[in-house]
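391 is the number that this note's numbering gives to position 300 of the sequence shown; each next residue is one higher, with no gaps.
None of these hints come from the bench; they were simulated from the model. Incorrect hints may appear among the rest.
[Said to hold, decoys possible] Computed Cβ-Cβ distance ranges for the label pairs, DEER-style:
1) LYS336 <-> GLN101: 24 to 32 Å
2) LYS382 <-> GLU165: 56 to 64 Å
3) GLU357 <-> THR501: 20 to 28 Å
4) GLN101 <-> ARG398: 48 to 56 Å
5) ARG398 <-> ALA103: 47 to 55 Å
The beta-carbon is built from N, C-alpha and C at its ideal position, and this holds for glycine as well.
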Amino acid sequence: MNTLTTLRNQFAGKRILVVGLGFNGGGVGLVNFFTSLESHVTITDNKTKEELESSLIQIKSSDVTLKLGGHSQEDFLYADYIFKGPSVPWNMPYIVEAEKRGIPVEMEASFFASICPAPIVGVTGTRGKSTTSSIIYQLLLDNGYRTHLGGNVSQVSTISLLNDLDNRSVVVLELSSWQLSGFHRRKISPHVAVLTNLYPDHLNFYHNMDAYFYDKKAIYQYQKAGDVFVYHKLLEPLLDKKEIKAKPLTFDAKTFSEQLINLRGEHNYANAGAALKVSEAFNIDIVQAMKSIRKFAGLPYRQQIIRKMDRLIFINDTSSTTPVAAVQAIKSFSDKPIIQFLGGNAKRLPTDELLHELEKVEHIVLLAGSFTDEIIDRLRELYPEKLSPIYDNLSEAVREGIRLAKIMNTETYLLFSPGATSFAMFKNEFHRGDEFNRIVLGIKE
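Let the sequences and hints guide you as you build the complete structure.
So, in structure tokens, the structure goes:
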């Protein structure tokens with residue numbers, strides 16, 4: 092009996108509650124998958140029908156119950172199974188009460204991993220997990236594996252990958268700390284685990300760094316003999332060797348010794364090094380592995396050159412949602428003067444390194460949000476001559492960046508690397524990046 096037949100037998104006719112539909116495709120994928128198994132699906136979300144329209148139009152079945160604009164305990168207690176979105180906390184009172192009544196509460200990625208018949212490469216880290224996951228995906232694809240990419244990937248339904256797996260399949264999952272909390276609950280880890288790095292992050296969600304690091308540890312904590320754990324050498328002091336049951340492979344920025352064609356920065360050489368170590372786990376010829384890695388084209392929203400106009404070079408790094416990410420971007424583009432677009436909402440993260448690195452930029456164009464409010468006094472103290480006003484309109488901010496660049500009259504990077512979350516002005520960082528692209532690509536020379 093194959094996996095899908097087993098799932099149909101288990102879930103046909105069952106009441107499934109999806110908590111948090113969201114905009115990135117995971118919630119929609121769950122709804123479509125379980126309706127295909129003939130489950131009775133209900134969606135509950137604090138957002139309204141109008142706010143969720145872009146997701147709701149992707150739902151294939153008309154036989155789905157919508158409970159939008161708020162939650163009701165009754166819906167949680169009526170369900171046979173609950174699937175919560177990554178940003179829905181485990182201590183949500185409705186979920187706590189449902190678990191007390193014995194109702195299983197799942198998350199998509201960990202549920203998928205628990206039943207997936209194919210080997211899984213799981214990738215996490217504070218920075219670099221998207222790029223590293225995509226390099227590994229391309230590397231395995233180039234070398235004969237039927238490779239599938241899922242997890243924390245926008246507009247990809249991880250659970251739906253089950254429809255396409257065979258005995259040559261490998262699944263690469265990019266995994267956030269929130270998704271890994273579900274792996275802790277199931278006490279499972281991927282067959283090949285990759286930990287790119289660890290910096291403070293999401294301290295607006297976690298009480299402290301220890302809680303954040305704890306969730307990240309699920310990437311390797313439940314591995315077994317025969318599995319592989321790939322991690323950055325700098326992480327060794329943070330790792331308890333007694334907890335590592337898999338074969339350890341380490342990397343750093345020097346592991347990949349060839350020139351990358353399309354990627355900049357020491358952090359991307361570390362990402363390439365992680366992928367090269369994964370190739371060892373699959374016994375891929377090192378020459379072929381390096382060839383695949385070297386040609387990797389890069390990802391949208393990550394230090395992406397989107398337009399060159401006269402002497403202006405526009406860089407979209409909207410995935411920069413932490414101060415560390417903005418620091419890496421400044422270092423990557425240090426060969427020319429930089430006008431930095433900075434700001435948004437705060438995650439309660441350390442800012443000293445970023446404030447120091449901003450010495451290297453020519454001008455700082457500020458975007459509205461709680462992070463900007465948090466650092467504005469220090470910025471005025473350190474760099475009063477570099478600061479723009481605070482903009483709550485991205486078009487106006489871009490116009491100001493262009494004005495400043497033209498005054499400089501030299502080839503200049505306009506670096507959109509905010510170093511903060513997007514929620515002050517946008518739905519998410521992808522919406523923010525799309526708006527930046529729309530504005531920049533719409534400028535007439």
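Query raised in the report: Any of the earlier hints contradicted here, and which numbers?
Result: none
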